[in-house]
Amino acid sequence: MPTARIDQIAPAVLNRWHPVAPLEELTPGSDRLTTLLGQHITIQVDDAGAVAVSTVSSPADAAARQLPTISRYCYLWVCLGVPDVPLFEIPEVAEPGRRVLHAGTIGVHVSAPRAVENFLDMAHFPYVHTAILGEEPHSEVAEYQVHVDPDTNDLWATDCVFWQPMAATTSTTGQLTDYLYRVPHPYCVILYKTSPIDQRNDVIALFCQPVAEDRIQANMFLCLLDDENTIGMIRDFQLTIFGQDKPILENQHPKRLPLDPRAETPIRADKIAVSYRRWLRDLGVNYAVIPAA
Amino acid sequence: MSATRTNPSANVDVAHALQRWHPIATQYDLEPRSLFRTKLLGHELVVWRADDGFVNVWENRCLHRGVRLSIGTNDGAELICRYHAWRYSNRTAGCTYIPAHPADSPARTITNKTFPVTNRYGLVWSSQDPQGQVPELSVLDGDTLGLRNLPVNAPVGLVLKHLATHTFLPSDVLAPGLDVVAELAAVEMSAEVSTYSATLRARLAGNESSAVFFVQPVDANRAVIRPVLGEAPFNTVAVLRHHAAVLADLVRDIERAAADIESRPALPSALEVPLELPTVAVAVGRSAPLRVSVRRKWAAAAGITAFELVSHAPDPLPTFQPGAHIDVHLPGGMVRQYSITNGPGETDCYRIAVKRDPASRGGSVALHDSVHQGDELQISEPRNSFPLRRNVSHTVLIAGGIGATPLIAMAKALHTNGLGFDLHCFVSQADQLAFRDQLAEFGDQLHEHVGLSPQETGEQLSVLLAEPSANKQVYACGPPPMLDAVRAVSSDQGWPADAVHFEYFKNTTELEQGSSFVLELARSGLTLDVPSGATVLEVLRENDVPIVSSCEQGACGTCAATVLEGDLLHQDVYLNPTERAAGHTILTCVSRATSNRLVLDL
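Sequence order for the protein chains is W and P. Last residue of the first sequence: 293 (this note's numbering), numbering continuous. Last residue of the second sequence: 602 (this note's numbering), numbering continuous.
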């Protein structure tokens with residue numbers, strides 16, 4: 001599918017930081033090629049471990065450009081434009097007793113907003129994540145609240161509750177899980193959910209690398225209250241969940257997210273999705289979406 | 001070998017193509033409870049056969065979030081989307097259940113896009129906007145044999161150009177040891193080629209066979225050849241094998257030729273997003289938009305007559321959910337409500353049952369005596385104020401007499417969905433159980449309670465409702481004294497009010513209409529007076545405020561409105577005690593304000 005030219009991409013996307021690689025894979029002396037917003041970029045790590053990212057020259061972008069980077073939350077973040085929006089804060093990362101890790105990266109043939117919207121959705125748990133994140137007959141999505149934080153402009157869904165047979169690797173029984181969703185970035189979403197073993201919340205995030213308008217690398221970031229399970233087990237759990245979502249996401253069409261409210265049929269349970277689409281429109285996002293007429 | 005007439009089309013005329021019927025599947029592609037995915041003129045379709053034999057052709061896209069319906073489930077009655085398990089009905093494609101909101105009846109606008117369908121020559125045909133019929137081909141008038149269907153990576157025009165010179169042998173000459181290559185060189189072919197099919201005749205040594213090669217335009221660069229032989233040969237296997245072999249050669253040649261073509265005609269893409277959702281007119285008041293005829297009238301039990309109502313129009317009857325009812329307009333201007341007893345997917349008719357009740361207001365007698373098989377009636381679209389929640393593991397259905405009708409529809413839905421339930425039917429005599437034949441499929445989930453006194457009924461209800469549970473729901477429909485008993489017993493046993501649901505035949509409350517008050521409509525900006533003796537509903541209607549109503553006795557819940565301000569005198573039997581206490585809802589047909597001012601969200 002043709003993807004928008006880089007000079008047509010709105011500042012709300014172009015001037016933001018986007019994840020392009022898990023830091024643990026950037027070993028000294030390595031060199032890798034990836035794509036961000038349709039633009040090929042190289043990530044070079046010298047023998048001392050210093051990272052340099054630059055565009056790969058093309059007929060449209062003649063000279064290779066050096067790009068600004070940030071190493072944070074287990075990923076290397078890059079900006080293709082002028083980075084005028086700081087990378088969002090996740091204060092929990094600094095708390096003692098938490099395990100902060102990159103759980104995995106999966107390529108998905110869908111737009112980033114479709115993946116974010118799926119991450120914001122509770123109603124599919126009993127059908128797509130059967131016996132893990134949901135189970136019939138517990139299908140009801142109770143009313144929850146949505147607001148935009150006036151200071152940060154983050155989009156929040158609060159008071160979300162859903163019955164889960166196995167909410168996390170630390171679960172021993174089903175529980176009513178409390179969720180908070182936070183969207184701090186057009187293609188990144190953070191979930192705070194009741195920990196089966198702690199008063200505080202587990203933090204689970206999806207950071208999408210928008211490879212093209214209809215293609216992503218989905219990065220799963222965790223900041224967990226789990227000191228029992230091995231990294232392997234935690235990763236397996238997350239990969240199982242995302243592996244169940246992938247065939248759904250890849251069978252959605254159009255692959256770009258339609259922002260016209262008449263294009264699809266939301267219900268009350270989709271309040272956060274409706275708000276997310278409006279929030280994207282208000283930000284002026286024009287990449288990986290079908291703008292409203 | 002000679003081609004008598006050829007008319008190959010290099011480019012597809014899209015406007016013309018959209019108005020034609022095209023073959024999209026063979027009958028044997030539609031295995032029971034499976035979903036078949038294909039494309040026609042760039043539009044992706046899902047094709048599925050329900051257990052009643054009806055073949056559904058729908059846009060392959062759930063209107064909720066755009067997921068392909070073809071990755072869902074065909075349960076024989078409904079197509080269930082893989083993502084959120086929304087259920088879409090056989091025939092209408094209307095949504096019947098949204099699990100995220102178990103207590104709601106899905107809006108009628110939630111209907112997937114359907115395409116017309118017809119079956120001919122062993123093939124399933126469809127069209128975007130059909131003008132005319134499936135092509136009539138005299139060659140296929142008698143016996144036929146469907147040959148191997150082959151997908152081709154080539155535009156339709158190119159496929160037909162090659163089909164014009166395709167050769168095969170008459171069925172009768174096919175025998176073991178035959179030198180096929182030599183015979184193919186000798187066979188005399190004639191071809192008649194139109195835009196989407198080629199009729200070919202092969203003659204050799206006095207033998208002759210004809211076949212029509214239909215071509216399905218998949219998209220700009222792909223097609224499917226769907227050939228049908230105009231005979232039923234004795235040597236079926238040899239014939240099928242021969243055609244499979246020569247068609248495979250043909251396809252190879254076509255694809256080679258296609259690889260040389262650079263520019264391709266453009267066809268519409270399946271990825272277009274429909275900006276306008278299908279809009280459905282909302283019925284206002286007691287309109288009777290549907291004309292139906294009585295296909296069948298029969299005795300469903302002693303004193304109970306059943307009617308099967310079918311649509312007059314080519315369109316199917318509107319989607320219903322378990323618990324829904326229709327208004328039936330009767331001679332003399334009477335309007336009566338009857339529950340639809342159909343199960344999921346039973347969408348070619350509405351089945352209702354009417355108990356003869358000479359003491360009633362005359363509706364049942366009129367239906368029993370004056371309406372006959374073949375007669376025409378006017379009915380409303382189905383409305384559902386008794387929706388069936390399916391987010392519990394067990395459902396208790398309690399029916400008093402003819403009150404069984406909505407509960408039969410519920411039992412059928414629970415049965416089809418594989419959910420646990422018990423259907424308790426209280427009747428005074430065993431021969432008064434309606435639809436006994438249809439209830440047999442419920443096995444030991446059907447319980448008959450025959451000839452119990454009011455006291456015995458109460459005792460039986462205490463047994464049935466002995467174990468309240470958060471994972472159970474109760475639905476009851478029947479005469480008011482029995483429902484009062486269910487309400488009392490369930491409350492005594494500790495059932496929460498929102499787990500027990502009622503549908504009253506009628507409201508026997510003595511109505512108080514003496515008060516007068518000011519009615520403010522927040523959204524319309526109107527201020528109206530409700531004088532004593534007039535209902536809120538009447539005042540709304542006199543002032544052309546659109547509001548839907550049905551029973552107008554405070555029993556069905558159709559005319560409910562949201563209350564923003566005011567104290568209420570509830571005179572309905574629809575709201576439960578929790579809802580009454582909350583004071584957010586008023587049934588405008590019977591209930592009133594006790595305050596001087598009532599503000600509604602209308």
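Calculated from the structure, these hints are not laboratory results. Just so you know, not all the hints are guaranteed correct.
[Stated by the list, open to error] Chain P is nowhere near these chain W residues, computed Cβ spacing over 12 angstroms in every case: (1) V100; (2) P126; (3) E136; (4) D245; (5) E250; (6) E264.
[What the hints assert, rightly or not] Derived Cβ-Cβ restraints for the label pairs, each shown as a range: (7) W:M233 to P:A107: 42 to 48 angstroms; (8) P:R33 to W:A50: 35 to 41 angstroms; (9) W:V274 to P:P481: 25 to 31 angstroms; (10) W:V274 to P:H394: 55 to 61 angstroms; (11) P:P496 to W:R200: 43 to 49 angstroms.
[What the hints assert, rightly or not] Derived list of chain P stretches under chain W, where covered just means 3 residues or more per stretch with a C-beta under 8 angstroms from a C-beta of chain W: (12) 93–102; (13) 144–155; (14) 190–204; (15) 381–395.
All values reported here derive from a predicted model rather than from experimental measurement. Cβ coordinates follow ideal geometry from the N, Cα and C atoms, glycine included.
Verification of the hints:
1. For V100 of chain W, the shortest C-beta to C-beta distance to chain P comes to about 31 angstroms, beyond the 12 angstroms cut-off, and the non-interface label holds.
2. For P126 of chain W, the requirement that its beta carbon stay farther than 12 angstroms from each beta carbon of chain P is not met, with the minimum near 7 angstroms.
3. With a closest Cβ-Cβ approach of about 8 angstroms to chain P, E136 of chain W is found to fall inside the 12 angstroms limit, against its non-interface label.
4. Its closest Cβ contact with chain P, about 10 angstroms, brings D245 of chain W to no more than 12 angstroms, contrary to its assignment away from the interface.
5. At roughly 9 angstroms, the least C-beta separation between E250 of chain W and chain P is not larger than 12 angstroms, which violates its mark as non-interface.
6. A cut-off of 12 angstroms between C-beta atoms contradicts the statement that E264 of chain W is not in contact with chain P; the least separation is 6 angstroms.
7. For the hinted restraint 42 to 48 angstroms between M233 of chain W and A107 of chain P, the CB-CB distance of approximately 44 angstroms keeps it satisfied.
8. A hinted range of 35 to 41 angstroms for the beta carbons of R33 of chain P and A50 of chain W is inconsistent with their spacing of about 60 angstroms.
9. The given range of 25 to 31 angstroms is broken by V274 of chain W and P481 of chain P, whose C-beta atoms sit roughly 46 angstroms from each other.
10. Roughly 34 angstroms separates the CB atoms of V274 of chain W and H394 of chain P, a value that falls outside the hinted 55 to 61 angstroms.
11. Taking the beta carbon of each, P496 of chain P and R200 of chain W are about 33 angstroms apart, not inside 43 to 49 angstroms as hinted.
12. Counting residues of the segment 93–102 of chain P whose CB lies closer than 8 angstroms to any CB of chain W gives 5, so the stated coverage by that chain holds, three being the minimum.
13. Closer than 8 angstroms: that is the beta-carbon criterion, and the segment 144–155 of chain P has 0 residues meeting it against chain W, so the requirement of 3 is violated.
14. Against chain W, the segment 190–204 of chain P contributes 0 residues with a C-beta closer than 8 angstroms to a partner C-beta. That does not satisfy the three-residue criterion, and the hint is violated.
15. For a cut-off of 8 angstroms, the count of residues in the segment 381–395 of chain P with a CB near a CB of chain W stands at 4, and the three-residue condition holds.
Violated hints, in rising order: 2, 3, 4, 5, 6, 8, 9, 10, 11, 13 and 14; the structure is consistent with all others.
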